[in-house]
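Novice: Sequence order for the protein chains is A and B.
Note that this note's numbering numbers the first sequence so that position 402 is 402, with each residue one more than the last.
Note that this note's numbering numbers the second sequence so that position 40 is 40, with each residue one more than the last.
No wet-lab data here; the hints were simulated from the structure.
Incorrect hints may have been included.
What the hints assert, rightly or not - Residues of chain B clear of chain A, computed beta-carbon distances all greater than 12 Å: (1) V17; (2) A24; (3) R146; (4) G181; (5) G182; (6) A212; (7) L237; (8) R308; (9) D341; (10) G345; (11) Y358; (12) E367; (13) A372; (14) T429.
What the hints assert, rightly or not - Stretch by stretch, here's where chain B covers chain A in the computed footprint (C-beta under 8 Å, at least three residues): (15) 68 to 81; (16) 119 to 132; (17) 189 to 201; (18) 393 to 404.
Note that beta-carbon positions come from the ideal geometry of N, C-alpha and C, so glycine has one too.
2 protein chains.
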Amino acid sequence: MTGRPATSTVHHGSGRVDRDAANALAVARLTAARPVLETVAPAGEVVPGMTPRTVLVSGPPQPWDQYTGGQRRAVIGAALYEGLARDETEAEALLADGTVAVRPSHDHASVGSLTGVCTASMPVAVVRDETSGRRAFCRMNEGADRASLTFGAWDVGVGARLRHVSEVVSPALAEVLDHLGGLALTPIVRRALAMGDDLHSRHKAAAVLLRAAVLDAVLDLSRGRTAERHRALAAYLRSAEYLFLHFVMAACKAAADSASGVPRSSLVTAMNLNGQHFGLRVSGLGDRWLTAPLPPVSTLRGRLYDGRTTDDLEYVGGESLITETVGLGGMAAAAAMPLQDHSAGTPQDMIRLTERMYRITLDEHPEYRIPALAFRGVPCGIDAVRVAETGIVPAIHLGATLREGGHAGAVLFRPPLEPFQQAADLLSTP
Amino acid sequence: MTGRPATSTVHHGSGRVDRDAANALAVARLTAARPVLETVAPAGEVVPGMTPRTVLVSGPPQPWDQYTGGQRRAVIGAALYEGLARDETEAEALLADGTVAVRPSHDHASVGSLTGVCTASMPVAVVRDETSGRRAFCRMNEGADRASLTFGAWDVGVGARLRHVSEVVSPALAEVLDHLGGLALTPIVRRALAMGDDLHSRHKAAAVLLRAAVLDAVLDLSRGRTAERHRALAAYLRSAEYLFLHFVMAACKAAADSASGVPRSSLVTAMNLNGQHFGLRVSGLGDRWLTAPLPPVSTLRGRLYDGRTTDDLEYVGGESLITETVGLGGMAAAAAMPLQDHSAGTPQDMIRLTERMYRITLDEHPEYRIPALAFRGVPCGIDAVRVAETGIVPAIHLGATLREGGHAGAVLFRPPLEPFQQAADLLSTP
């Protein structure tokens, strides 16, 4: 614990004392996590509860018929890619009768980027928190192309890129990680924060730090052997700017899971979206999702590619906001001045955005520090009760998706207040 | 030209108009430079005027007997390394009678890091400004070890590392650069500025960007062949954090030379030090050095390694402050928040330091921008007349050296005002 004393209002006699102690325990677990990327492997081999007919998705659970737009396209695309159906009609039928099961990622120790779809043959990053021993998973990034299942697009090209990542890139990366004995992620996150990344919408530093580490290992591995797969891996690393996001998402999921299930704690352990709802989990309420409808896409602020406007956007789900639960992304806006046009606006606004977040968080991360704030630790451990009391919601840097599928840019997202209020109410009820 | 109108005081009728036009021309050349790292080659093969018995050094020229301390040790070490003498006594004699010639780097289109010593067999970076066609040179970095000729140290280990860089690393890097057809430096500088580097005291981003680019090329080159020298290059790149400084120094020297010799221009084209004096060149005064004694080392501010204090420091020369002439280093302090403890102190002080520099500069660089200043271009093109008029001297980030030789850390250096006043006086004399 490096932070300030908790200041939540007393609700019910000893309730505050209980909650303060519970939050201290939960946030200590959150900040103690030291994630290591162990390997990359097919989801079916490593993700708990994964079956050949499972499609993981982002967001609080909802019935299949409520999935629309890009996220629905992505689920159907994933089923076709996995060979579970011959065509869209068959896929729709199998999804409708439950033969192909749509499952929330979080219930499988996983987190999904945007649509979050993942099937058994798709490779996932396996990240282990060395402190708690917990593992968490996130599907590999599909590369630089803006059309991808992640962004709600599905066609022959998307399938070919998925297959390349699955059959060529991931085995080569697994070989490298085996050679390295795993890759500690904390030092990369720490360095990247001092190099203008927020580790959610911007990964330019993390990407090149990762690339250099992997290329060094490749060179070490490739003594005297041709290595077509190694060159394919190098090409992928050059283009997949957001690969590290997937690793850091799994890292944050492992940390958040280690802080979950502490009775009475109001620490936020997950935030996510499906196409219609924002979902929240807090430590003391275990796996329960508290939800509220998403704000209109017109309320998102940021700069989009190619002159697109918020009129062109659509929510397709998303769980990369797990990074904000550990103090990265929008919480660390002050570290990521290059993102100003995609976030708060000006450098001063970026500073103010992060400074405001200390009012709703329980600690400052001991490793992840912000040079522009005189090396203060990122605001870590969102307290749902403080959010409810102050009305200050977490600042979230989110990838934006086009209605027709595809990457549209990065934006600042402010989640609805209601789920935080629900959590506070539920925790204050003895 | 992207900057504000010149505001210098009128001295002599049309003098100001002449100078404004001259400065506009000179700074336009400075900002138009687009440096490319062409190759790495022995100084004797590429540096103009280099002979087998030449030792290049940093700083305004002075007689041999005035070289003391670390810079004198480095010159003797370089002569011994080059095989010009059998021992120190013989080296001293040959240097005293001029058989071995100590020459200022700047007169050989070169710049030196700290002591700046360079002999014919030592490899130098060859950087060509694609706009002007000019080439400039800077000796290769000696690697991570704090004991090096650069820092005024000489022993068997220093010699062995120099030989490794000369015989193994540099040929491998030359092969890579040949394969790449040269490496454009502007994009790396641009990206590194958005990643917390000032490109003088901090090169963490530039180093990893360079490393990744070189490793990619190595992988491409090493199809099916063992490549011991490539692994040696990779190891060197991991450790030589300041390698890119040497490239950017040559880049800035080429740019500054292209802006040199414009009659009446008060644009600063070089700043350097030897052990005793600060030296200044301005465009309108050609190759003339204006000098003043260096301020005591006790006036340097910054954080040193291993609990050292300024009492342990000594000036050993230096020309890396060529980076400040293009708006990098201390001029770009606001881009490099991680350096705050080595420079102005607080994040706010870093911002103010750079903001102040716009008062003495002629333009803002069109490529090199500072996210923390809402992407404003770095203050580029120091105007000696404005320095003289305002009393604001350029902010310089300098490597600090120990009295006994070795790297002591990074500091903020403020040069004496007198040479700027001399330049202003000389330029205002018709």
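Novice: Hints first: check each against the structure and report whether it holds.
Specialist: Evaluated hints:
no.	hint	in the structure
1	V17	holds, 37 Å
2	A24	holds, 30 Å
3	R146	holds, 21 Å
4	G181	holds, 17 Å
5	G182	holds, 19 Å
6	A212	violated, 5 Å
7	L237	violated, 8 Å
8	R308	holds, 21 Å
9	D341	violated, 9 Å
10	G345	violated, 9 Å
11	Y358	holds, 16 Å
12	E367	holds, 15 Å
13	A372	violated, 5 Å
14	T429	holds, 44 Å
15	68 to 81	violated (count 0)
16	119 to 132	violated (count 0)
17	189 to 201	holds (count 4)
18	393 to 404	violated (count 0)
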